[in-house]
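Protein chains: 4
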Amino acid sequence: MFAGSTRGAIEMVSIDLNSDLGESFGVYRIGYDDELFPLLSSANVACGFHGGDPRTVERTVAACKANGLGFGAHPGFPDLVGFGRRPLFCTPDDIRTDTLYQLGAVDAFCRAAGVRMQHVKPHGALTNMAQHDAAISDAIVAAVNAFDSSLMLFAMPGSELERAGARAGIRVAREAFADRAYNSDGSLVNRRLPGAMITDPAVAAARIVRLVTEGLIQTIDGQVLELQVDTICSHSDTPGALEIVQAVRAGLTAAGVSIQAPVQ
Amino acid sequence: MFAGSTRGAIEMVSIDLNSDLGESFGVYRIGYDDELFPLLSSANVACGFHGGDPRTVERTVAACKANGLGFGAHPGFPDLVGFGRRPLFCTPDDIRTDTLYQLGAVDAFCRAAGVRMQHVKPHGALTNMAQHDAAISDAIVAAVNAFDSSLMLFAMPGSELERAGARAGIRVAREAFADRAYNSDGSLVNRRLPGAMITDPAVAAARIVRLVTEGLIQTIDGQVLELQVDTICSHSDTPGALEIVQAVRAGLTAAGVSIQAPVQ
Amino acid sequence: MFAGSTRGAIEMVSIDLNSDLGESFGVYRIGYDDELFPLLSSANVACGFHGGDPRTVERTVAACKANGLGFGAHPGFPDLVGFGRRPLFCTPDDIRTDTLYQLGAVDAFCRAAGVRMQHVKPHGALTNMAQHDAAISDAIVAAVNAFDSSLMLFAMPGSELERAGARAGIRVAREAFADRAYNSDGSLVNRRLPGAMITDPAVAAARIVRLVTEGLIQTIDGQVLELQVDTICSHSDTPGALEIVQAVRAGLTAAGVSIQAPVQ
Amino acid sequence: MFAGSTRGAIEMVSIDLNSDLGESFGVYRIGYDDELFPLLSSANVACGFHGGDPRTVERTVAACKANGLGFGAHPGFPDLVGFGRRPLFCTPDDIRTDTLYQLGAVDAFCRAAGVRMQHVKPHGALTNMAQHDAAISDAIVAAVNAFDSSLMLFAMPGSELERAGARAGIRVAREAFADRAYNSDGSLVNRRLPGAMITDPAVAAARIVRLVTEGLIQTIDGQVLELQVDTICSHSDTPGALEIVQAVRAGLTAAGVSIQAPVQ
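Protein chains in written order, with my numbering: chain W, 11 to 274; chain F, 11 to 274; chain U, 11 to 274; chain P, 11 to 274.
Some hints could be false.
All copies of an identical chain are treated as equivalent in the list; a pair is satisfied when it fits inside any one copy or across any two copies.
Straight-line C-alpha distance at most 25 Å; calculated DMTMM-like pairs for lysine to aspartate or glutamate [to be verified]:
1) Lys-75 <-> Glu-236
2) Lys-75 <-> Asp-158
3) Lys-75 <-> Glu-224
4) Lys-75 <-> Asp-143
5) Lys-75 <-> Asp-247
6) Lys-75 <-> Glu-170
7) Lys-75 <-> Asp-231
8) Lys-75 <-> Asp-195
9) Lys-75 <-> Asp-210
10) Lys-75 <-> Asp-104
11) Lys-75 <-> Asp-103
It is worth saying that the hints were derived from the structure and are not from the lab.
In this text, all values refer to a predicted model and were calculated from it rather than measured experimentally.
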């Protein structure tokens, strides 16, 4: 993100680092939440439909507050056994109301903790479907807008979700992925294709430093893509997730980029 | 409720009539919501754990708004197949966080509709357990207080839940039941005992008129109990539920009692 | 079905009448099960994923036994709030294992009641997706085959599900729908199109009598389609469902067709 | 268990080692299943209500078969978020039908794999409640008996569950716990009390060797209790669970005790 402030003669560049957290459920623990909290500036927190439960939400809000992270709701499909990763062809009205329900549910814990919700980022199959579907994106945005029109929306640049946010006047933070390869149209390479996942922390860090400082990222077919982004996502359950975030953070810091939540 | 206003020489008595609504789930419909909305002044709306779903919550909020009913959250145990009627021995912390989650979830639909939530009334086994258990009652009240300390709590007079509300400085509306017989200690006669259910609309109406205008109700063993109440509940799924509410409302109106939500 | 036996000079034609039953859940009741049991020869019984619960399964097995109905398992997607009507893009392996789980679960109640399971018919979005998808159909058939290869499969003639059953050597009962219009390719007219639903009991009865006795059905564009069927489904939750089943049964009986479960 | 066979002059003592496995759910993994399979002779496999899902059941059946373990169903309360550890006051009929449903569901995977189900062991709060409640125990046993009266039941010696099994003529394998301290009446010391958990593998092993070879176990207050047992449970999610099973197995083997499933 280039919306840095100018201090004296030096332009200060900052970027947000986010990850999906709070996805544990009951006795089931998942992700490296404890290790990631100190490394990130924003968290996307599961709302109980694809993962998460009321106790986990409360713990995660508290950890976000303690670590100074921006708190985001991470609503998903009502499919715990599939972890919200399976496309569910419900109506836009189902999506709008399910999203509204989840926003309210996690916001209750923010209110109780005196934390202001920062953003909304749809999860898994819901966000994948929204990328290319204006009706689904409008449904998500309608829920955000009805709940609190000052919330930010995390969306991939060029996606239908970004356009839906713009149509509704919602502020959008453009998101890139540290652990994923890009096609030359700016979309992510399908997970099942070879090379889709960036697993080498040093590679991930170098790519993200270039993206944040130069606005450029190399695509899977060797081209160089211009991309303006405000927040960098690293998945919390990828093998080596922690090492990737550590390397990305270290690389950015060494390049003089500050890690901070998107300016509200 | 005797907190009526005096207009000229006439003391105007008013009472709240409430019922549990919005308990349908997906394609499954339950209760006589459409018929009851015009007859009541407050609704207790299922929050998705024992009944209700996001679409049903939204429809019910809209109907409360259209009919001028006070909207209440009706949180229950996470037991859809048991409809929240089976005691679940979880921790007070489970109850507090489950309640907070449910309050937030339904409040999202109130916010979206521009409706202010009026009250909270626990459902089924949760409210039954709270009657006699200070720790459970404190857990429910802690959730209410953390979410919005200006909310009212519906509780039976003499219950632990009433005491917990008082301890926390939450305003309590004292509740009586139109379709239930009373023991001489002010508790409800166990549903399984003969005579526990008041099924004759005329009898229910006469009892409630006396209770509201004189503060007296006859107990199952023939005594007369003094009871101060602010709201009258009729269950929406009892056989003859609709006839009871109609008779109670007509009887109260004929006795000069106005039906209105508790003064906020 | 023309596989009737010849008694003296008279060819006796018989057909199976089926409906989806046992879809109630907990306190929630749906369908006209009690009225339909005496009118049908087979029941497709919800298995707890899209509807049904253990108590409902047990009651429905007992009613099938008492009324002499063939018992069929009616597995669906794990989507209670959507009643299994929303397409869920899970893997064939998810479908195979979910189906196997559901077959076993309801068969336990058959074993306990001394009833032999007769058939399997997938529900809702699962059966709709299977019509045109060989991989999904093979997954369903693999579960049936692994559980009990002597079970029958109910499938629409011409569907991928019918072909998958044939490939596996599973006996298929070809199904037609009393309350649905047909396209000239033998598929059902989309529910959302005008004329898709047959709601007039007399019309439904006349169509089914012709189909069963002559093997012909008029399509929505006025053509006449040849169709060989073994079982006729009437939905249990369509408006006028009961009247349609009554009319179809009366019409078939008047035409000398006996109503009986498919020959095992 | 002293029902060992006599080979020449040497009496061969054998004992069953069991653990609760297959409790993962969707993407959520729990327990040390892969490490435990080679060390045990029986597994109690979650049935999808408190833990487990169809894919996990299938994987666990396959692993039991590959490792030669006796397969047991481990039915629990329908409370995934509470992992079946919270007492749920439902009716005996709820318990009987929930148990029957779960037995059938997991048995489908046994049938598909050509594995014969060996036993049933209730889980968590259900088994705890059954210890002291004849009606609950009878409900569990009724489900077992209706499903397959040749199944074994795992129950603590002296429990109501053991008595219910005896009343119904079900064969009971008496169970002891390697990681729990005992009261002098043969009950387990409450988990919340100091000393309740045996966490030192060497201590656990020595206690179990003595129990199996001498029929004696030291109680928490220093007495020595006579106890006849057929199977030893080690929990799979206790800290150090794996080390305890390894130590117990090594100790028993060193003492000449063979590890094998209870004789059917």
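Structure-based check of all given hints:
1. Proximity of Lys-75 and Glu-236 under a CA criterion of 25 Å is satisfied in neither setting, with 34 Å inside one chain copy and 50 Å between copies.
2. In this assembly of identical chains, Lys-75 and Asp-158 lie within 25 Å of each other by CA distance both inside one copy and across copies; the values are 20 Å within and 20 Å between.
3. Taking the shortest Cα distances, Lys-75 and Glu-224 never come within 25 Å of each other, neither inside one copy (32 Å) nor across copies (53 Å).
4. Taking CA atoms no more than 25 Å apart as the test, Lys-75 paired with Asp-143 passes in neither setting, with 34 Å inside one copy and 33 Å between copies.
5. Taking the closest pair of Cα atoms, Lys-75 and Asp-247 come within 25 Å of each other only inside a single copy of the chain (22 Å); across copies the shortest separation is 31 Å, beyond that limit.
6. Within a single copy, Lys-75 and Glu-170 get their C-alpha atoms no closer than 31 Å, and across copies no closer than 34 Å, so neither meets the 25 Å cut-off.
7. Taking the closest pair of Cα atoms, Lys-75 and Asp-231 never come within 25 Å of each other, the shortest separation being 41 Å inside a single copy and 47 Å across copies.
8. Taking identical chains as interchangeable, the C-alpha atoms of Lys-75 and Asp-195 are never at most 25 Å apart, the minima being 37 Å within one chain and 47 Å between chains.
9. Taking the shortest Cα distances, Lys-75 and Asp-210 never come within 25 Å of each other, neither inside one copy (31 Å) nor across copies (38 Å).
10. For the homomeric pair Lys-75 and Asp-104, the shortest alpha-carbon distance between copies (21 Å) is at most 25 Å, but the shortest distance inside one copy (31 Å) is not.
11. For a Cα distance limit of 25 Å, the shortest separation of Lys-75 from Asp-103 across copies, 20 Å, qualifies, whereas the shortest one inside one copy, 33 Å, does not.
When each numbered hint is compared with the structure, violations occur for hints 1, 3, 4, 6, 7, 8, 9.
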